[in-house]
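A.B. asks: On the provided structure of chain Z, position chain P as indicated by the hints.
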Amino acid sequence: MEAHAMERVAAEPRAAERRAPRRKWVRPVLMWLVVVAIIIFCLFPFYWLINVSLKTGPDLAQSDLFPPSPTLDNYDSIFKNGDFTSALRNSVIVTTITTALALIVGSFAAYALARLRFPHKFLLLAVILSISTFPAIAIAAPIFKLWTDIGFYDTYIGLILPYLTFALPLAIYILTSFFKEIPKSLEEAALVDGATYFQAFRKVVLPLAAPGLVTAGLLTAFFVWNEFLLAQTLTSSPKAFTVPVAVANFTGSQKFEIPLGTISAASVVITIPLVAAVIIFQKRIVAGMTAGAVKG
Amino acid sequence: MEAASVKAGTPSKRRSRDLSERRLAAYMVSPSVALIALVAAYPIGYAVWLSLHQYSVRQAGLSRWAEPNIWSNYSNVLSDDDFIESIRNTFVFTVFSVGFELLIGLGMALAMHAAFKGRGLLRTVVLVPWAVLTVVSAITWRTLFEPNLGLAPTVLGKLGIAENVVWLGQSGYAMAVMVLADVWKTAPFMALLLLAGLQVIPDDVYDAAKVDGATAWQRFRRITLPLLVPAILVALIFRTLDALRIFDLPFVLTGGTNGTSTLSLIAQQELTTNNLIGYGSALSVLTFVIVMAVSFIYIRTVGGNIRSLAEDN
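Protein chains in written order, with the numbering used here: chain Z, 1 to 296; chain P, 1 to 313.
Derived from the structure by calculation, the hints contain no laboratory data. Even glycine gets a Cβ: it sits at the ideal position worked out from N, Cα and C. Warning: the hint list may mix true and false statements.
[Said to hold, decoys possible] Over the 12 Å line for every Cβ pair with chain Z, so calculated as not near, a few chain P residues:
no., residue
1, Ala176
2, Trp217
3, Arg221
4, Arg222
[Stated by the list, open to error] Below, in silico cross-link-like pairs of lysine-lysine (DSS-like), each with a Cα-Cα straight-line distance of 30 Å or less:
no., chain 1, residue 1, chain 2, residue 2
5, Z, Lys239, Z, Lys203
6, P, Lys117, Z, Lys24
7, Z, Lys283, P, Lys117
8, Z, Lys24, P, Lys158
9, P, Lys210, P, Lys117
10, Z, Lys180, Z, Lys283
11, Z, Lys203, Z, Lys80
12, Z, Lys239, Z, Lys80
13, Z, Lys184, Z, Lys203
Chain Z extracted, bound-state conformation:
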C-alpha cells in the first residue's frame, strides 16, 4: 500500500507538467492579482484610519490619500486626555483579570468534560454553548438593575462577571477539544503511580495543553477588549468605562464638531495591540476560531 502511494506521488508532478504549458503564466498572474486584491481590501481601510489620524485642521476637510502635513498632534492630545488614559487602564485591568479567571475556571470545567465520567455531559455542553449565543441585550436590563441595587454598577467587578460568563463557553469549548487530543496514557501513567486526578490534571495535562490555553486566552482577551454593549450599559464614568466606550463617546457627545482626527488616533492606539497579537499568534488564533466550527 505504501509503495502504491509513493508511485502516485511520483506520478502526479509529471501529469501536471504535461498539462502546464498552455497557461504557464496566466494562472500565477491571475492568482497574484486576486491575492493583491484581497490584501488591499483587508488593509486599505486600516491604512485610511492611520492616514486620518495624522491629519489636523483643514486637512480633515479633504480626502487626500496621504496626509499633506502629517502630524502626531492627535496622538499627543489623546494621551493628555484623562478620560482616554483611564479607559486604557480600565480595559487592561478588566481584560487581564477576566482572561485569567476564564482560563482557570474554564480549564477546570474542560478537564472534567474531556476526561472524567459523569452523567448529563451532553446536556451540560449544549447549555454552555448556547450561552455563547445569548444576545447581550437580554441580560443588560436585569444586570443593570441588579448592579445598581447592589453597588456593582460602574465598577470593574460589574463588568468582569458578565464578561466571564460570556467568555467561558468559548474557552471551555476550545480547552475541551485540546484536552481530548492529549494522549490519555500519560495521565494514566501518573494515576498508576498514585497521583490523584487533580494532580494528573495540574502536572500532566495543563502543561501539555499550553497551546490550547494560549488560544483560549487570546480569544477571551479579544472578546473582552472589543465588547461594547455591556460596557456602554453598565458603566457611566471614567472610573470603569473601557476603551470602546471612550472612543464611541468621543463621537456621540460633540454632535456639531466631531473630532475625527483625535477619534482616529485613539482608534489606532487601541487596535495596534490586537493587530500585533494577530501577527504573532496567527496560527493559534485560527486554530481557536475553527475549533468549534468544522468537523466531519
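C.D. replies: Just chain P now, with coordinates in the frame of chain Z:
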C-alpha cells in the same frame, strides 16, 4: 484497551476512584455552572419578570404590574412603529451582510486554498480586519464616507455614482455603509472557517475527477461545494447570530438614525436613555426569543461535534 490495564486495581479501590471521579467532576464544573446560572440564566428570568411590570428608574421601587394588563408592555412594543422598523432593519442588515460575507468569504477561501506561496501572508492579512474592534471598524468606515474627508464619496462622485449623497445621512445609503463595514470586518472570519472546511477535503477526490476529465468549474460545482456544505452552514449560522445582535455599528455610524435602528440598539436606548425598564425588557426578551430560535438551529447543527466532545473514550 489502555483503560482496561489501568483500571485493573482491586475492585473496591476502583469503585472509590469512580466515586471520587464524579465528585471531582462536580467540583470542577460547578464554578462555571454557578456563573452561568447567576449571570445568564437568572437575569433572563428577571428580564421576563421586569417586562411584565411598569417601571421606570425615576419612580422608586417596582410595585406595579403592567397596566391595563400584564402583557401591555408586549402589546405596546408590538404596535410600536419603531419596533417594526428596527425588526425590518435588523433583517435587511442580516440578509445582506451575511449574504455578501458568504460570497466574498468563499472567494477569499478558494484563493487562499489555491495560493500556495502567499497562504501564510494572506492568513495574517485577512485576520487584520477581524482583529479591529467593531467600534473602530465603524469609525473607520465613517471616516471613509464622511462628506468632505471621506475618500468613498469623492471617488464615487467622480465616477458619477451617488453624486451629492450624504451617505450616512440618508436612509438606504446609511444601511449600505453599515453592511459594507460589517462585510469588511467579518468576511475574513467566514473565509478562515471555509478554508478550514476546504482543507479537510481529500485531494484524491480532485485527482479522480481530473482523471475523468472534469473541468475546474465542474470540480467546484460537483465536489467542492457539496463537501463544503457543513462548513458553510455553521459559518452562516454563526454570522446570522451575530448580525441579529448587531449594536456597535449602528451606535457609532448613525446612532440608529436614517433607517439603521436595530433590535439591540432600540432596546438599549429604551433602557438607558429613556429609563423605560419594563418596556426595554419586553424588547430585550423579544430579541432574545428571536436569537435563541436561530441558536437552537445552531446547536442542532453542531450537535454531532458536541456529542463527540461529550463521549467518554
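A.B. asks: It remains to establish, for every hint, whether it holds in the given structure.
C.D. replies: Now for the hints, and whether the structure bears them out:
1. Ala176: Its Cβ never comes within 12 Å of chain Z, the nearest being 15 Å, so this holds.
2. Trp217: holds (15 Å)
3. Arg221: At about 19 Å from chain Z, Arg221 (chain P) clears the 12 Å cut-off, so the statement holds.
4. Arg222: The claim stands: Arg222 (chain P) keeps its Cβ more than 12 Å from every Cβ of chain Z (closest is about 19 Å).
5. Z:Lys239 with Z:Lys203: Violated. Lys239 (chain Z) to Lys203 (chain Z) sits at ~40 Å, over the 30 Å cutoff.
6. P:Lys117 with Z:Lys24: Given pair Lys117 (chain P), Lys24 (chain Z) holds - Cα atoms ~16 Å apart, limit 30 Å.
7. Z:Lys283 with P:Lys117: Holds: Lys283 (chain Z) and Lys117 (chain P) sit about 16 Å apart, inside 30 Å.
8. Z:Lys24 with P:Lys158: violated (38 Å)
9. P:Lys210 with P:Lys117: holds (23 Å)
10. Z:Lys180 with Z:Lys283: holds (19 Å)
11. Z:Lys203 with Z:Lys80: violated (47 Å)
12. Z:Lys239 with Z:Lys80: holds (17 Å)
13. Z:Lys184 with Z:Lys203: holds (14 Å)
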